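S.K.: Sequences and hints are given; from them, build the entire structure.
Chains as they are written, first to last, in my numbering: chain A, 188 to 639; chain B, 188 to 639; chain C, 175 to 664; chain D, 175 to 664.
Certain hints may be false.
Said to hold, decoys possible - Straight-line alpha carbon distances no greater than 35 Å define the calculated DSBU-like cross-link-like pairs of lysine-lysine that follow:
(1) A:K606 - A:K559
(2) A:K222 - C:K541
(3) B:K222 - D:K297
To be verified - Beyond 12 Å from chain D on every Cβ pair, some chain C residues (computed):
(4) S201
(5) S236
(6) P258
(7) H281
(8) D333
(9) P381
(10) Q400
(11) E611
(12) E614
(13) T632
(14) K653
Since the hints were derived computationally from the structure, they do not count as laboratory data. This structure is a prediction, so every number in the text was calculated from the model and none was measured. A virtual CB, placed ideally from N, CA and C, is assigned to each residue, including glycine.
Chain by chain, the residues run as shown.
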Amino acid sequence: MPYIPHTPDDVSAMLDAIGAERIEDLFDEIPAHLKAGSSLDALPEGRGEMEVTRLMAERAEQDRYALSFLGGGAYQHHIPAAVWEIATRGEFYTAYTPYQAEASQGTLQVIYEYQTLIARLTGMDVANASVYDGASGLAEAVLMALRANRKSKSNRVLVPEALNPRYRSACDAIVRNQDVALDTVPFCGQAGQTLTDSLSKYEGEDYAALVISQPNYFGSLEDVDALTNWAHANGMLVIAVVNPTSLALLTPPGEWGSEGADIVVGEGQPLGIPLSSGGPYFGFMACKQKHVRQMPGRIIGRTVDLEGKQGFTLTLQAREQHIRRSKATSNICTNQGLAMTAATIYMSLIGPDGLASVAGHCHANTQKLADKLTAIDGVERAFTAPTFHEVVLFLPQDADTVLARLAEKDILGGLGLAKDYGMKNAILVNATEVHTEGDLDLFVAAMKEVLA
Amino acid sequence: MPYIPHTPDDVSAMLDAIGAERIEDLFDEIPAHLKAGSSLDALPEGRGEMEVTRLMAERAEQDRYALSFLGGGAYQHHIPAAVWEIATRGEFYTAYTPYQAEASQGTLQVIYEYQTLIARLTGMDVANASVYDGASGLAEAVLMALRANRKSKSNRVLVPEALNPRYRSACDAIVRNQDVALDTVPFCGQAGQTLTDSLSKYEGEDYAALVISQPNYFGSLEDVDALTNWAHANGMLVIAVVNPTSLALLTPPGEWGSEGADIVVGEGQPLGIPLSSGGPYFGFMACKQKHVRQMPGRIIGRTVDLEGKQGFTLTLQAREQHIRRSKATSNICTNQGLAMTAATIYMSLIGPDGLASVAGHCHANTQKLADKLTAIDGVERAFTAPTFHEVVLFLPQDADTVLARLAEKDILGGLGLAKDYGMKNAILVNATEVHTEGDLDLFVAAMKEVLA
Amino acid sequence: MSNETKLIFQHSRPGRSANAQAPRPVSEGQLSAIPASLRRKQKPGLPEVSELDVVRHYTNLSSKNFAIDKQFYPLGSCTMKYNPRGANRAAMLPGFLARHPLAPASHSQGYLACLYDLQNFLKEVTGMKGVSLAPMAGAQGEFAGVAMIRAYHDARNDDGRTEILIPEAAHGTNPATAVMCGYKVREVPVGKDGDVDLEALKQACGPQTAGLMMTNPSTCGVFERQIEAIAKTVHDAGGLLYYDGANLNAILGKVRPGDMGFDVIHMNLHKTFATPHGGGGPGAGPVGVSQRLLPYLPTPMAGLDEDSGEYSWIDTDTLPTSIGHLSAFMGNAGVLLRAYFYAMVLGREGMIRVGEYSTLAANYLLKRLQHVGYTAAYPERRASHEFILTLAKEAKELNVTAMDVAKRLLDYNQHAPTTYFPLLVPECLLIEPTETESKEAMDDFIAAMEAILHEAKTDPDMVKEAPFTQPVRRLDDVKAARELDLTWSE
Amino acid sequence: MSNETKLIFQHSRPGRSANAQAPRPVSEGQLSAIPASLRRKQKPGLPEVSELDVVRHYTNLSSKNFAIDKQFYPLGSCTMKYNPRGANRAAMLPGFLARHPLAPASHSQGYLACLYDLQNFLKEVTGMKGVSLAPMAGAQGEFAGVAMIRAYHDARNDDGRTEILIPEAAHGTNPATAVMCGYKVREVPVGKDGDVDLEALKQACGPQTAGLMMTNPSTCGVFERQIEAIAKTVHDAGGLLYYDGANLNAILGKVRPGDMGFDVIHMNLHKTFATPHGGGGPGAGPVGVSQRLLPYLPTPMAGLDEDSGEYSWIDTDTLPTSIGHLSAFMGNAGVLLRAYFYAMVLGREGMIRVGEYSTLAANYLLKRLQHVGYTAAYPERRASHEFILTLAKEAKELNVTAMDVAKRLLDYNQHAPTTYFPLLVPECLLIEPTETESKEAMDDFIAAMEAILHEAKTDPDMVKEAPFTQPVRRLDDVKAARELDLTWSE
Ligand SMILES: Cc1ncc(COP(=O)(O)O)c(C=O)c1O
Ligand SMILES: Cc1ncc(COP(=O)(O)O)c(C=O)c1O
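M.R.: Encoded structure:
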């Protein structure tokens with residue numbers, strides 16, 4: 188019996204102790220006619236680890252490709268081997284949420300360090316122990332802003348069109364149940380940015396918050412200072428959605444405008460988490476000290492034990508569902524602990540200068556790639572705004588067709604923007620520190636062939 | 188500086204404490220003209236983990252093949268994931284030889300358990316903590332037999348021709364330096380076995396030991412009882428060379444003949460160690476209690492501490508080079524500890540019945556494969572002896588040519604016997620529990636094509 | 175000689191780095207396209223440490239955790255069963271790790287095949303008609319489930335339904351979820367025997383009832399015997415029935431939520447399907463639905479074109495009634511792959527054994543603990559896969575609380591059960607051994623519990639001061655909350 | 175509450191198993207080809223345990239080890255530097271793990287390329303003319319080296335050379351190896367300053383001298399300043415010079431054994447090239463040779479056809495003078511791949527830094543330890559990458575020995591240095607910090623050593639009873655050797 192240790196002797200001894208004859212007797216409180224609704228025929232016969240591993244290895248092989256320039260919210264980065272060799276140690280991998288603090292100081296200290304790292308990276312005061320991902324994190328941030336903005340009575344939040352469309356739709360799917368409305372701020376078609384001009388029509392209206400994405404979905408850098416100041420001047424909180432790698436180079440949200448953003452969320456995947464078909468990643472979330480009691484999710488505090496020795500423990504639990512139930516800040520319980528642990532190890536290994544180099548290479552490689560691609564006849568940059576590590580290019584042909592033909596050559600050449608923005612000829616392209624000059628040239632050569 | 192933590196500040200502080208100005212000063216005892224014989228131009232510039240990993244991943248990819256039926260001393264087996272996830276935990280992976288027993292009880296207990304497992308598997312009294320591999324282990328066993336056989340004055344040992352030729356040559360390369368001669372006992376060309384008949388000419392001669400390989404290189408099973416009794420009757424010790432997987436089904440050397448073998452060695456690779464181009468594997472070595480003081484290598488004993496609590500420690504160190512120097516039983520120091528650790532975990536996971544199933548499938552699959560292949564015109568079994576999980580087949584064409592053509596189809600179809608035995612048309616084929624019916628059929632189909 | 179571990183920041187030295195890990199710095203010229211006004215002025219305060227510093231620091235920190243890989247961990251409601259290492263290896267295969275979530279379907283057939291199979295397995299074991307793997311944890315599964323209930327009523331313009339009913343023993347995520355979905359929560363009392371107070375339920379039900387959320391077996395560790403009557407009551411009132419699948423382990427292969435009348439269910443793969451808890455997550459909370467909720471399942475899901483044999487994504491373009499995406503991509507893929515591995519190894523016979531042996535273990539443990547002197551909260555009932563002890567007597571007579579016993583267990587190298595949940599049982603310990611623990615492991619736990627009861631009687635002060643053997647003694651939680659120290663500074 | 179860990183056998187129960195791991199049993203019929211007389215009568219006594227039992231047991235056992243990943247580990251002569259995790263990942267790539275050692279060259283180009291590069295790197299850093307990667311550890315490298323010396327003399331029919339000279343400070347493997355190669359050993363004394371007694375060497379040398387084995391820096395932790403005179407003496411007598419490369423870390427990139435006049439050298443990749451020690455092994459002990467020993471290198475080696483760009487194996491068919499194979503296949507491939515990774519990351523500049531920073535660290539540590547009151551064995555000398563303290567004074571005056579200090583260090587969570595080696599220095603501690611440990615790590619060690627010296631003066635009995643914090647107290651080694659208990663029985 189895979190994963191079940193009991194021998195026939197064990198079973199009889201246990202049944203004896205219980206005073207039952209057969210295991211089936213233990214289910215005698217279940218109405219008989221409800222039982223055994225199926226003999227589970229849709230399931231295969233059990234197989235050994237060897238066979239299942241082989242099957243899965245064959246399936247994993249099936250999905251291999253040579254080269255990818257897909258971004259759109261998940262990015263290829265070098266992940267130091269130490270990250271997952273340590274994160275998957277049984278002590279981290281098979282522990283539960285640290286409810287028994289004395290027996291969980293390992294996990295608790297990791298989270299405390301993680302909170303510190305995120306706070307420092309974003310320039311904020313405090314951070315929580317992770318939410319599911321960047322997009323659902325944005326929903327939490329929106330709900331949090333509604334609670335935190337005491338001045339506003341509205342259930343509305345301004346969201347830029349240039350924000351990752353997957354974030355917009357997930358956020359909407361979550362918050363609309365509480366009748367929260369997300370109003371869309373259009374982007375400038377030339378610049379590929381959200382201009383304060385386009386905000387003027389909302390002046391004087393009651394919105395709880397403005398969301399600012401840096402960079403935005405097009406990879407463009409927004410004028411975050413102006414946007415932040417505008418929001419604050421109009422009584423709104425600022426929710427920053429940021430890429431963590433970029434923060435090694437870019438102004439942290441805590442320093443945007445004259446007062447800084449109020450809440451920061453983002454996708455933690457770039458910090459040492461494999462692409463892995465979209466998860467598990469983790470959403471990071473940080474805020475100003477004064478909002479901490481409105482923040483959802485677990486928070487760890489440093490304290491002392493009976494003997495005055497430093498120790499770590501779950502704190503502010505009165506925000507959480509297991510204590511506060513229907514009055515909790517969120518229903519989140521299980522979070523993305525292991526991914527957060529990996530990110531903590533990653534950030535420690537990569538260090539401030541290392542992260543700046545990673546960010547720098549991402550930017551420089553993307554610039555280089557864009558230059559090489561736009562040297563092809565008919566390929567040009569769609570927007571004028573400066574970019575971080577993604578860029579939108581116009582192709583002389585239908586983008587989805589071009590991408591499909593590149594895929595036949597096992598090159599994933601970017602994401603089409605037809606579905607989300609109606610830009611049929613546009614692709615969103617990303618390069619990071621993992622791409623060599625040779626990789627870029629391979630892509631460019633393939634693109635030339637396809638367009639020829 | 189990869190893997191070096193020192194900052195410029197650290198360096199000056201350290202130099203200050205030393206009272207030196209520059210690091211170079213610390214090398215002032217080295218005659219100047221000897222220094223800097225090279226600026227190491229043959230070495231490339233250092234690269235990051237990312238680049239080196241990518242390069243090595245590409246090289247690893249280069250060597251992939253679809254299907255292999257190679258054996259000849261190293262065998263494909265299912266390795267439970269737990270084996271190496273645990274063996275590569277830093278506590279095992281980065282510890283040294285357990286010289287400080289109190290701080291090494293983990294490794295020490297693992298070795299004690301391993302000794303017990305090997306003793307039980309082989310039916311012997313005691314085992315050491317591993318030697319380099321099966322072949323060098325045989326050399327150690329030969330040297331040990333010379334010391335242990337007090338009745339014999341000779342420097343000669345009988346070795347069957349049907350023993351793995353790589354074992355014969357490695358053993359010879361090691362022992363001939365002490366003027367030890369290995370005399371070859373031919374095998375029976377029909378049976379593919381070592382018959383006692385062929386031994387009769389050595390009766391009455393002084394040999395320190397007879398080596399018996401079970402199974403032998405051809406996969407054939409020897410009549411180990413007869414061989415053992417013959418050796419003992421002629422004043423020789425018996426050195427058994429065995430495949431550990433087979434011992435789940437076959438009589439353990441400790442029970443061979445009326446007295447059992449005296450020394451047992453073998454290649455531990457089948458016990459959870461990946462093929463990995465030939466290493467690291469480990470040689471296991473066991474013997475009767477009375478010979479333990481002649482055994483080379485580390486041995487762990489169970490004892491008690493100051494407070495009477497059970498503990499484990501290196502023992503019988505007076506056999507070893509670090510104590511006994513030129514009088515040691517061997518020069519071995521570093522052994523194959525981590526592979527032995529993995530094997531200990533493997534044996535615990537697989538259990539007695541599991542190992543019997545593995546062995547059974549290896550045998551049954553090889554039988555099935557031989558049947559399928561000999562159904563092809565002109566392909567036949569070379570020998571009549573029963574086999575374990577390898578078998579020699581005659582092909583209707585030159586074997587090396589056939590194997591090369593199979594390799595072009597990415598099937599490694601076995602090992603040629605031309606070089607070692609002059610059998611130009613023969614191949615040695617192995618199947619194990621990892622091969623599915625589909626795998627066998629693929630091989631057979633490819634063989635048909637090549638022979639057609 | 176203190177076992178206080180420095181913070182990683184305390185190892186930091188300016189200019190130190192693990193520099194095999196980062197590419198060479200880029201020149202300022204390569205960054206010239208980024209306007210200076212957007213550039214960070216000071217480098218972020220990540221630690222500057224060596225690779226060895228990091229490896230050593232986190233290796234040492236890890237050793238300050240209890241974990242299934244090291245200890246018996248009978249945390250009720252959490253199903254801390256063995257997490258197969260083979261599942262970890264399979265999910266970490268390079269091909270799976272490297273796949274971008276937005277890779278085209280042509281380059282996703284292997285992955286989609288795993289998801290598609292898993293969806294079908296889950297449908298079968300729960301008796302539901304459709305499954306979406308999208309939710310990222312149990313609570314997100316609950317959210318999806320209740321959002322579907324809402325979408326269902328909305329689609330019928332049945333908009334007076336503003337309340338979700340929840341038994342008082344329910345897990346905190348249930349009420350919190352109902353609120354996140356815009357509902358009011360009405361609690362339903364639980365009787366002395368652990369079953370829902372049916373009369374009270376009947377009174378609570380009405381046209382304002384959107385649905386009822388419950389688990390069965392409940393968090394009282396007993397099977398709700400009136401489940402059919404409950405289902406009828408809620409359905410008759412026009413409400414839907416939500417099954418919190420956190421306790422599915424108890425009945426896997428024995429009775430299916432679909433057959434009990436539930437309309438929607440979430441499963442905790444990080445419980446029932448043995449994926450690891452990772453010190454807090456990640457999990458996966460797939461949802462299953464009955465026929466009428468099929469149109470609302472969260473996207474994306476894996477679909478199969480039977481003719482071509484090609485897998486594809488079912489997304490909001492093909493399922494516009496869906497409640498939509500709950501995350502940027504499609505859920506915790508790596509967790510799903512681990513669950514898939516587990517399901518494939520167990521197969522149909524294995525699934526049936528899960529419920530049987532987890533129930534056997536819990537009933538054994540309960541009986542033995544009663545025998546050494548502990549009090550069951552529901553002595554007349556069978557245990558499900560878990561059960562509750564109440565230490566009300568000990569608290570009163572010896573002043574030794576459930577928390578004290580929990581802490582003292584740590585000294586015996588046993589993880590504590592869940593304490594003080596469900597809230598309705600005073601001084602309770604919720605104990606769940608799971609099917610993967612041997613009788614010997616349970617016997618060791620029983621011996622520890624017996625010893626502690628003896629200590630409670632002979633030396634209660636000692637027990638109240640426990641633990642003594644952990645990296646820290648009991649922590650000052652009040653100070654932690656009052657003098658918030660949430661990030662480190664020099 | 176005892177931290178005694180049961181033996182895995184004590185978890186065994188008849189019929190229990192980790193049966194996701196084994197294929198289904200075969201029928202007796204499928205085994206009918208095996209004669210009954212050859213079949214085992216009783217199943218082997220492997221434990222019958224569950225997968226969780228195994229994972230938990232060995233996880234818990236692992237925590238009873240010190241390791242570089244957890245502690246400073248200044249074991250002299252062992253070069254316990256950080257073992258890069260990246261090297262582990264690279265060597266464990268599925269493509270490398272699955273390659274059969276006898277796969278044809280057509281399917282081995284990737285692997286051969288790594289070996290070929292590594293051979294060249296090692297040639298360059300040692301200044302030798304050829305390298306074979308075949309030996310499986312340092313001692314096997316020594317064996318190969320001395321066997322080549324023997325082959326060289328034999329080939330010249332110079333058969334009166336029956337002795338190998340070895341300085342008395344040498345590692346035990348040196349004399350043991352000489353004997354395994356059929357030589358007699360003659361020890362050469364070492365002077366008070368740590369250098370070889372040159373006069374004595376001159377007298378020992380003669381027509382019976384096959385060669386001299388030595389390390390430089392020696393195991394006294396100092397550079398042998400008369401190396402050229404020694405080389406000349408031995409060469410003039412017709413002997414060859416063997417370099418035990420265990421201490422190569424000290425001089426990597428600074429001075430090359432080939433340039434010092436050595437004819438043959440082995441390297442310990444598990445020291446100098448940062449591959450792990452694995453609790454005892456495996457290692458790899460490649461050998462490098464000067465021109466005249468090239469024909470004798472052990473096989474196989476990786477060769478390159480410059481024209482075709484194809485790699486191939488150089489084996490005894492193409493190099494018939496070779497001393498042959500030392501193992502069934504071709505050495506510890508996985509260790510070689512880890513070393514290759516390390517060499518590629520370090521590159522040429524990195525190699526040079528190794529010698530520099532390991533020497534810096536050792537000299538720093540020596541000076542600081544002298545400062546807190548310890549006595550250097552060779553106070554006039556520079557430390558190499560390691561150095562020796564002698565506690566002769568403490569042993570005499572306080573009755574606290576080097577072993578006592580070593581054991582007490584464990585209580586401070588510091589691994590002990592090498593004790594009582596080399597034998598010629600009384601009460602010695604051989605200390606090697608390596609270049610990968612930070613100054614802070616060394617400072618912690620210094621603080622512990624200072625504290626212990628103080629304890630030795632104020633409470634020597636306590637120090638003699640140490641350690642107190644480990645899983646066991648001091649062990650009864652005498653009982654272990656007298657009442658041999660080497661395998662477990664019920
Ligand atoms: C009964 C019950 N319901 C719901 C949940 C929530 O699941 P998750 O933590 O995955 O969000 C839990 C988890 O602890 C639970 O025990
Ligand atoms: C100086 C010296 N020589 C030789 C050796 C032997 O190397 P190995 O243990 O790899 O056989 C060692 C290892 O400890 C050593 O320190």
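S.K.: Taking the hints in turn, state whether each one holds.
M.R.: These are the hints, each one checked on the structure:
This hinted pair checks out: K606 (chain A) and K559 (chain A) have alpha carbons roughly 26 Å apart, not beyond 35 Å. At roughly 25 Å between alpha-carbon atoms, K222 (chain A) and K541 (chain C) fall within 35 Å of each other, so this suggested pair holds. Among the hinted pairs, K222 (chain B) with K297 (chain D) is consistent with the structure: their alpha-carbon atoms are about 16 Å apart, no more than 35 Å. The claim that S201 (chain C) lies off the interface holds: its Cβ sits roughly 20 Å from the closest Cβ of chain D, which is beyond the 12 Å cut-off.
Not every Cβ of chain D is farther than 12 Å from the Cβ of S236 (chain C); the closest lies at roughly 10 Å, contradicting the non-interface assignment. The beta carbon of P258 (chain C) is not kept farther than 12 Å from every beta carbon of chain D, the shortest such distance being approximately 7 Å. Remark: the non-interface label on H281 (chain C) is consistent with the geometry, its nearest Cβ contact in chain D lying 20 Å away (cut-off 12 Å). Every C-beta of chain D lies more than 12 Å from that of D333 (chain C), the closest at about 51 Å, which supports listing it as non-interface.
At roughly 51 Å from the closest C-beta of chain D, the C-beta of P381 (chain C) stays outside 12 Å, upholding its exclusion from the interface. Every beta carbon of chain D lies more than 12 Å from that of Q400 (chain C), the smallest distance being close to 36 Å; the non-interface claim holds. Not every Cβ of chain D is farther than 12 Å from the Cβ of E611 (chain C); the closest lies at roughly 7 Å, contradicting the non-interface assignment. Non-interface status of E614 (chain C) relative to chain D is broken: a Cβ of that chain comes within 12 Å, the nearest being about 7 Å off.
Residue placement check: T632 (chain C) keeps its beta carbon more than 12 Å from all beta carbons of chain D (closest about 16 Å). With a least CB separation of 28 Å from chain D, K653 (chain C) remains clear of the 12 Å interface cut-off, as annotated.
Hints 5, 6, 11, 12 from the earlier list are contradicted by this structure; the remaining hints agree with it.
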